[in-house]
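Below, each chain spelled out in residue letters.
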Amino acid sequence: MHVHRFEKLWFGASLVLIVAFIGTIVYGAIGPGVAMVGDDGGTIDAATVADGDFGQTDNFRSPGVYESSDGDGVDVYIVARQYLFNPGTAQPIEVPRGEEVTFHVTSADVTHGFNLAGTNVNTMVIPGQVARFDVMFDETGEYGIVCHEYCGSGHHTMAGQLHVVPQSQFDTTAGGDN
Amino acid sequence: MATGHPDDTSTLSEDDYVETEDGTRHRSAFVDRYPEAARIVRICLGISFAAFGVGALFGLIQALHRTNVLRVIPSSDYYTLLTGHGVLLALVFTTFGIAGLFQWASTRSLGIEPTSSKLTATWLGMMTVGTLLAAGTILAGLFDWIPASADVLFTFYAPLKAHPLFYVGAALLIVGSWFAGASYFLQYREWRSENPDARIPLQSFMVMTTMLMWYISTLGVAVEVVVFLIPWSLGLIQQVDPLLTRTLFWYFGHPVVYFWLLPAYVIWYTVLPKLSGGRLFSDPLARVVFVLFLILSTPVGFHHQYTDPGIASGYKFVAMTNTFFLLLPSLLTLFTVVASMEHGARQRGGSGYLGWLKALPWEKPAFAGIALSGIMFAAGGFSGMINAGMNINYLIHNTLWVPGHFHLTVGTAFALTLMAVSYWLVPQVTGKRLQLYGVASLQPYVWFVGMVLMSNAMHRAGLAGIPRRTAEPQYDQFSFQAVAGSVGEMRIQIAIGGTLLFIGAAMFLAVMLATWTMGKSNSQLRVNGYLPEPMSGATDSPRVLDNLKLWAAIAIVLVALAYGLPLFDMVADGVLSPGSVPVPA
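For the protein sequence lines, the chains are A and B, in the order given. Heads up: the first sequence is residues 577 to 754, going by my numbering. Heads up: the second sequence is residues 452 to 1036, going by my numbering.
For the record, the hints were derived by calculation from the structure and aren't laboratory data. In this text, a Cβ means the ideal position worked out from N, Cα and C, and glycines have one as well. Don't take each hint at face value.
Restraint-style ranges between C-beta atoms, simulated for each label pair [unchecked claim]: (1) A/I606 - B/G803: 44 to 50 Å; (2) A/V579 - B/K971: 44 to 50 Å; (3) A/A589 - B/S527: 49 to 55 Å.
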């Protein structure tokens, strides 16, 4: 098979480009530590979430913001349902700046999305699955939470807020332990 | 003369004439040589273009609605139109358009008519009934008094539930396309029996590799629909596993993109060089590219699920690596197509490093449309690389960036290529000269400008976090911060771009309708179907390239490697759990 010299060069350059791209991803995971949403959140019975009987689940607490059991950072438990985030919609989620925030997000009905607009805090919320991921907020501020997966005719009304406050002002009870 | 002006009747190939007994020379277009295949192509393109017209109208209504320019529907109906836009354009327009293109390509390159008219009637019937069922249940959502709806979007994720006939329709359309593929393979088998030692003609090779890829990849959605969604929507099973069905959907959901793209590549490889005034650079490399797509297209679906909980990150990493290697055949295509165009331009007297670009026939609608779609696809390819980047993807997942991206790929690379090649192909399958030639010459540019405005604004809106698939991109509780420009300016660009795209679609349909109804049969066409031989022909390529069984087997092994363990993990706790009960859309 005759392959022209320029074709060979182009082929080689393409391979270098592809390997370089994969390299940037690997660097992003190892260097800045951008972790993936994985399967470590575990599964949950969607019907139990819909009932609100969280006592029956071993990996999901009642929705709200909690101090982590190891005393470092906070855990945020969020249930998405048509068409609100609990907590988040009725009252903003409040988390401290500069500490590890572990999100646990699940759905009571259909597939939703959970995105802090304009950031890379972004996950699907799939019934039966718990999305678990860590975020560190370096600055105080307010973020809009958007449901970005079509979830029914009221989908466009489904939004919420997250406030990042200084540690001194952080109070778990204000975060929406409801 | 092969290198002549493509639309100039004085340079028709000798192949395009026949001499009758009385010594007069007559036109011998595709329709004259293969009337049966031409009829099938006409039916497919007709249905495809009808779906395109309705889908484009829905697109216009959406573009104006979500930018707040003009609202003719309530926001809750937005999703009905969005479902219609997605299904009619991404499934019906494409599948029928591809069936037509492939029937032409298979017949032309093998030189024989389709072998079984029963099989043809079967697949045409299944695909048409499927389309009517799916479109009917979607449109029923607009009328409260009809007890059916399918506001589940093109992706139809459970547990949002549609009327059972929607799923039946989708299944019929896809299974019908399997039978269409079978008819191309039968055509090939008949050709092979008369040509035992010849290399597979290039277009037939491309058609068959694409269909093999399609068979492997549609298995996922077929299992999803037939095993889970239809019984569940009929109430035979009470719950389904949303993650499992979603995974089966995306198993098909990325290869379907290549099912749209590869027919465009068929045109770029085999027709564009001729329209440029030259010929294809390399036949063997074109075969390598299609084999790579067959092998690599399917094991990549997890890159649509980077942000899904319940799938280990290791599996996502494997899919990411595959996805990036899938860039290779597209990058090779970029080289070959540009090289072939340059060759054509130099045959036409072009010179200089970039000066040859001026020598291309930019005033001819078929060439201009295909070349412009290639340029826009390059931009779409770059935004696709961002989508594929596992951790960069987090910034843009499910934002407006994504429709910005795929309006460049399926919405331009495929759609504009199909429109443009129709300016060249429809005269040959109808025997009628193209009408409204001036409108046709302008149309690709209208589409191009509309798409530049709409897609660049969508990409930037995505960076600001504005979600896709929403009737109201504004929220009471907060506003979006644009990274560059302003949100208001993006909105205006989307509205203007969407309007121009609709005008472009209407111009195209006007040309087609005029040609179909006003053109005279048996007229002297401005185009001919002659395709010149590649510079480097099939005989230069290793024979193993034609071993389709081998490549299909490798493709299946790669799929098993990429999907075996993740699917096992999902069903280890039971096929229907962790389940979720149906929620009507």
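Verification of the supplied hints:
no. : hint                        : verdict
1   : A/I606 - B/G803: 44 to 50 Å : holds (46 Å)
2   : A/V579 - B/K971: 44 to 50 Å : holds (48 Å)
3   : A/A589 - B/S527: 49 to 55 Å : holds (51 Å)
In this structure, none of the earlier numbered hints is contradicted; all agree with it.
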